[in-house]
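Q: Letter by letter, the chains look like this.
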Amino acid sequence: MSITIERPPVKTRTDTELSPKYTLTAEQLDAFGDEMDAIRQRVVADLGEEDANYIRKVVKYQRGFEVAGRVMFYIPPLWPAAVASLSVSKILDNMEIGHNVMHGQYDWMGDPALNSRMFDWDTMAPAENWKYGHNYMHHTYTNIVGKDRDVGYGILRMDEEQEWRPYYLGNPLYAFLLMTFFEWGVMLHDLEVEEVFAGRRHLWRGENAPIMRRIRKKVGKQVLKDYVVFPLLSGPFFLTTLAGNAVANLVRNVWTFNIIFCGHFPAGVATFTVEETENESRGGWYYRQLLGSANITGSKLLHVMSGNLSHQIEHHLFPDIPARRYPELSVEVQEICQRYGLQYNTGPLHKQLFSVAKKIFRLSLPTRAPKTPQSTVTETPLAA
Amino acid sequence: MSIVADATTRVLRSRFAAALATPHGVDRYLELVNPMWAANEVRARIVDITREVDVPGHPPVATITLQPTSTWRGHRAGQHVQLGVEVDGARRTTRVFTISSPESKAGDRFTITMRANPEGVVSRYLVERAEVGTMVHLSQAQGEFVLPDHVPDHIVFVSGGSGITPVMSMLRSLQRRTHRGRITFLHYAQSPEHQIFAEELEEIRRSGYGIDLHLVYPEQGGRNFSALELERIVPGFRDVPTWLCGPAGLVDAVRPAFEGSDSLHVEYFKPPVVSNGSAEGDVTFTRSGSTAANSGATLLEQAEAAGLTPQFGCRMGICFSCTATKKEGTVRNVLTGETSSLPDEDIRICVSSPEGDCAVDL
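Protein chains in written order, with full-length UniProt numbering: chain A, 1 to 384; chain B, 1 to 362.
By construction, these hints were calculated from the structure, which means they are not laboratory data. Be careful, since some hints might not be right.
Unchecked claim - Straight-line Cα separation of at most 20 Å, DMTMM-like style, residue types lysine to aspartate or glutamate; simulated pairs:
| id | chain 1 | residue 1 | chain 2 | residue 2 |
| --- | --- | --- | --- | --- |
| 1 | A | Lys57 | B | Asp88 |
| 2 | A | Lys225 | B | Asp27 |
| 3 | B | Lys327 | A | Asp111 |
Produce the complete structure using the sequences and hints provided.
A: Okay, structure coming up:
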């Protein structure tokens, strides 16, 4: 294996005029990007048996919890344990396994069962649809208002840059509904319903046709499994199994919603405009990933149950590196941030959640100091 | 297969089982209980490893006996199988190996025979490091280089080196079928001590029915299989159904002798093409059938320059939208500088630039 380091094939910034949101010069940004690239290169070269064993172990646990949950529905007094077990299974399946495998984090293993092109997860959204909106749109254009559809998901007002409309008075209600029906929301997200309402897209024709076809197929299978076949299989316990499956899906919805909302919406996380990110360098992309994400501090259990999205910053810097590496990488990333004087947004779950909830309520009302249309500086506070 | 086992298999392969196991599939659960249980996939346990040839200073040859899962549908003599192993417990690498045992039925044990290719990750692992009990991943048997059900009265086998394996499977099948026709078998090996299956061939020579065996060793002055030599051994050989398997050199030497005749069946495996590190050579897009001089740019850019419109996303190696299969050649990851020369490898074309000749399935 020969190693020759070369600059990646991305455009370098031609105009030296950076928006005030960038506290680094173009040269500093390049140096910052090089340090991140060096980390990536080192970790990729080091991937091996430990990473493979880890993900296989998580899969084993997930399947174990799943089977145990399904079986315990036959023993009525164990209903709460069955629901808990199935909930844990679904959370592990969606987060530490599904999300990360579909990012291609384990493609290097050559195992079709852990390959981003083959894997599908235990939730309504078909893998194929989700990967486009998430891996490409969200991870490439992270927090660029108007380009990253994950800023408010086309439903919520999560940034001052989004112009206020009376519709947003319902912000807290929409957030609550999204949390409750999160797996359905994630599934519908790919249809770009806001574009449909704006008359720029047909709900099931044109570009939405293949997306809709995949949705019908996947939703059919998911509904059949959780709400028809398994309940029928449990015979006299039909209703309790049905209810148990619904509760497990709800628990997963609430948990994943909360973890994911802590990733980009706590106070202090920066958003960017399309103009600011034109001709962005690779260093600039890393910079935006860093300032556009927030971490959650907590126990090892929290990290596993969040699919290590508690290290959203590291995930956005290195989306295709196995997530189990993020905790160790975060030490290095924080040290680099300190040297460059960059903010590293992190805090315990309750603090980040409170901050997100506050934003959801605050932005349901018009922003107090209205901006002039020319202004490109957001009010999102940034550490200098 | 017993009635119970048969019924179990039926249930496991049913739509009902699939509905319960969605979206992961039944095999993802079965394998965790017992790796030999499968509903659709094929896996096998290595049950025996025998060194066939072990000449000091030369890569050894071994025969591996495999006990497949009940999902194995059997094979026809001459077919090959894709075999994947997890080398060092992490990276699964898959290669094609020819089956050397006679034709098999569903679930039957079979053998593969291979030389430990010095650059071959899988063959070296199987011959030198694998242990009895190791699990491997399989495809179903594949390939059109097979013995017909009705074998003509006179047939010819021509093989060289480890190319003897499919021919051996055919020969063994014919022995088992107690075939009564004539078989002329020409084999080319470096020297007698490099001869694979030497004892068995000697036994067949002595007691086999209608078998005319010619083992040729260049070290002992054995002649190449030219048209003249073929005509000497098999008069009118161009009209005799012939199966040819061996290294490219042997195939290139024999094929012209059959020019204009349709009695020749050929099989040979290409070794991986390793580059010399330059951006010269040609890039071939196999699906669209176009070829262009390698410009040194990423494969995505070169494909677009060639007028193709491959799928892509971020164009910076993070989203995996552009993943495509590289059929052969060396590519360098422009982000990490890593190079890789494996055939049939999934690569992100937006961050892979070819070094030398390269073929991609686009």
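Q: Would you mind confirming whether the straight-line C-alpha gap from Lys327/B to Asp111/A stays at or under 20 Å?
A: Judged against 20 Å, a Cα distance of about 18 Å means the pair holds.
Q: Lys57/A and Asp88/B: Cα distance at most 20 Å?
A: Holds: Lys57/A and Asp88/B sit about 17 Å apart, inside 20 Å.
Q: Does the alpha-carbon distance linking Lys225/A and Asp27/B stay inside the 20 Å limit?
A: 17 Å, holds
The earlier numbered hints are all upheld by this structure, with none contradicted.
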